[in-house]
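Chemist: The residues making up each chain are set out below.
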Amino acid sequence: MPANSELLQRAISAARAKNNAEARKLLLLAIELDDHDEQAWLWLSSVVESPADQRVCLDNVLAINPDNRAARKGLRWLDEHAPVQQTELEHCPHCNAALPASGDTCPACKQPVLIVCPHCGDFTEISKTQCMHCGHFFGDFRQRDHYYAALAVAYADIGKLSPAQWAVDQALAAMPHEAEVWQNIARVRVKLDRPDDAIAAYQQAITLSPDQPNLYLELLDLYQRENRPTEAQNWREQVFKQFQAEPTRLIEIGQALADRRTPPNAITPFFERAVHLQPKDVSMRLLLGGLYFDRRDFATARQHLQRAVELTDAKSPQGQQAREALARAKAAGADRSASGRGEVIRQLIGPVLISSMAALANAKLSLNISLISWLALGVSSLGAWLWASASEALSSTSTVTGRYRREQIAGFVVWLIGFGIIVAKV
Amino acid sequence: MNELAPLLIIYVLLNLITFLPLSDGRERGKRIPIVTLTLIGINVGVHVVMAVIYPRQIGEVQTEALSYLFMLLPAGVMNGFTNGALTMITSAFLHADWMHLAGNMFFLLFFGRKVEDLLGRSKFLLLYLVCIFTSGLGSVIGEIALPLWKGTIFNLGASGAIMGVIGAYLFLYSGEKIRTVVMPLGFLPLPLSFIPLPYFPRMTAGFFIGYQIAGDVVNGLLIEQFQKLGYNFSMTNSFAHLSGLVGGLIAIYLFLPRDMLHYRYQPNTKQRLTN
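Line order of the protein sequences matches chains A and B.
Note that the first sequence ends on residue 425 in numbering that gives the first Met the number 0; no numbers are left out.
Note that the second sequence ends on residue 274 in numbering that gives the first Met the number 0; no numbers are left out.
Hints listed in this document are in silico derivations from the structure and should not be mistaken for laboratory results.
Just so you know, these numbers come straight off a predicted model, no measurement behind them.
Careful, some of the hints might be misleading.
The calculated DSS-like cross-link candidates involving lysine-lysine, where the alpha carbons are at most 25 Å apart (straight line), are [what the hints assert, rightly or not]: (1) B:K176 to A:K363; (2) A:K190 to A:K72; (3) A:K240 to A:K279; (4) A:K279 to B:K176.
When you get a sec, could you build the whole thing from the sequences and use the hints?
Modeler: See the structure below:
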């Protein structure tokens with residue numbers, strides 16, 4: 000829209016030349032051509048005369064682009080120097096009588112109490128949760144106690160930050176000890192780009208109601224958004240301590256953290272604790288096994304999945320799921336470790352070491368080992384090899400085969416015979 | 000004698016209090032630790048036979064004479080008088096008295112079931128055997144070199160093998176937090192010393208086991224130094240404890256399942272929640 004940009008350029012030049020009237024005229028023309036022109040609204044806010052008009056302009060800028068820092072800064076300045084005066088629910092709009100703290104009708108004129116929709120500015124009955132004119136959802140305002148906090152969120156949702164700030168102040172004055180109010184305040188402060196104040200509000204909400212996981216989660220989100228990992232970590236530990244005796248909540252929080260793409264090692268303690276509290280819960284075992292699998296800690300994954308397999312019926316869907324997961328963990332674990340001959344040798348050394356130490360003890364700690372002991376050492380080593388290679392084969396395959404089990408037992412028996420001959424000092 | 004003063008002070012300080020493990024963060028295994036319980040059963044059974052049944056049936060002197068056949072005599076092993084391998088095994092199932100037995104079995108039950116849970120039964124049994132032999136060989140080599148004893152003192156007790164099991168636990172769970180009970184064994188007379196202090200400190204397995212190892216190292220050094228001067232310092236077989244520990248550390252590596260070679264347990268309490 001070249002005509003519009005030309006108008007804007009001319010308006011900016013006029014504003015810089017302190018010709019506010021000319022600039023205002025040009026900017027209003029530009030806005031008439033395109034009422035979504037963020038720059039036009041921003042420049043207009045600098046040339047209008049009243050703070051109320053400035054607020055409207057800046058609110059409109061934020062409605063177009065909620066991330067506009069200049070507009071936020073301007074509104075903050077206005078909040079400090081020219082606060083808004085609004086009294087939506089102080090008096091009845093019909094008879095101007097003072098309204099009580101709750102109820103849907105005015106006690107004086109018996110008319111329904113009306114509220115101003117924060118979106119379109121029209122009156123709507125307070126018993127509605129949606130504006131009758133524009134359809135905007137603004138929450139349940141019937142409880143006057145919660146009205147200001149809900150109104151603040153509603154204003155903040157549509158980018159009207161100054162009224163949102165005003166509603167926050169009203170909410171605080173009305174209900175300073177309500178966690179929900181503080182939570183809403185925190186949400187508004189997030190939108191007002193006041194992270195430290197929002198954190199303080201969340202912390203206040205948590206102090207007032209420490210058993211609500213969503214408060215902790217929202218605070219964690221904020222810390223992550225603000226790139227403050229240490230505080231996020233501390234609060235995760237805090238939430239863990241708070242709910243460490245409640246397995247269902249732990250799982251709920253763990254899953255919420257997983258949805259937020261929190262790294263598995265930060266989520267694991269929640270599931271680990273839940274499993275600790277309910278060791279026979281197969282679903283928890285499967286979840287935890289999966290988490291350890293994601294962390295590539297296949298040994299621990301295998302332990303949990305093995306328990307899940309033991310706790311379930313092989314034919315049940317959960318049992319099949321557990322078995323499949325265990326097979327995957329076994330295969331993945333095997334890939335990471337030593338394999339083949341090297342692995343057999345590692346496992347072989349232990350039993351051979353036992354036989355060798357026995358032979359050494361019988362030979363006065365010298366190599367002067369008797370012929371029969373040498374032979375027995377050979378037999379036990381053979382048994383150890385059979386045992387180790389069968390064990391290796393068993394751990395490499397996901398299914399247990401009878402052949403390897405038999406070989407494992409046979410190897411152990413052969414080793415035991417050789418070892419027995421050495422110990423018996425035949 | 001004066002040059003031994005620092006060692007003696009450390010020894011006294013280390014022995015003022017004794018920590019006994021109460022619990023750790025490990026989840027209790029679902030499987031019954033059959034090998035651990037069987038080993039405890041054999042130890043208790045053997046002690047009942049040697050301390051209660053035989054003394055009544057064949058007399059105390061005969062029982063003592065019989066028990067010497069099954070104890071480990073380092074000089075006997077070196078001279079070929081005794082069946083070295085067999086006595087290394089049998090001596091690991093004999094105990095001097097009920098307190099000796101109770102202490103050892105307590106530690107075996109605490110640490111053994113956790114290692115068995117991870118290793119499996121057969122491998123845990125093999126690990127225990129490795130520890131029996133390494134502790135036996137350590138006893139023989141260590142005690143033969145002592146100027147006063149020269150390997151002529153009979154050895155008995157499962158503590159060497161149990162230190163091996165503790166070594167395996169250390170290898171696997173060094174960062175695990177152990178809740179302990181403090182016994183004032185070192186500074187109160189006997190009946191009182193078994194009343195635990197009302198304080199249950201939590202410490203890492205590394206510190207807890209390190210404390211035991213430090214005690215054994217200092218005790219071993221003092222035994223050697225005192226024997227050079229012609230005195231007997233202690234009857235605790237630190238050589239068996241330390242060599243059993245080394246055996247356990249080696250054996251756990253050899254017997255770990257292949258997919259657990261990279262395994263290092265991160266306890267909940269210490270695990271840092273990172274982004």
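Chemist: Each hint: holds or not?
Modeler: Against the structure, the hints come out as follows:
Proposed proximity of B:K176 and A:K363 is contradicted: the alpha carbons are some 42 Å apart, above 25 Å. Taken as a hint, the A:K190 and A:K72 pair is honoured in the structure, with Cα atoms around 13 Å apart against an allowance of 25 Å. Distance check on the hinted pair: A:K240 and A:K279 sit about 22 Å apart at the alpha-carbon level, within 25 Å; holds. Our distance criterion of 25 Å between C-alpha atoms is met by A:K279 and B:K176, whose separation comes to about 24 Å.
Of the numbered hints stated above, the single one contradicted by the structure is hint 1.
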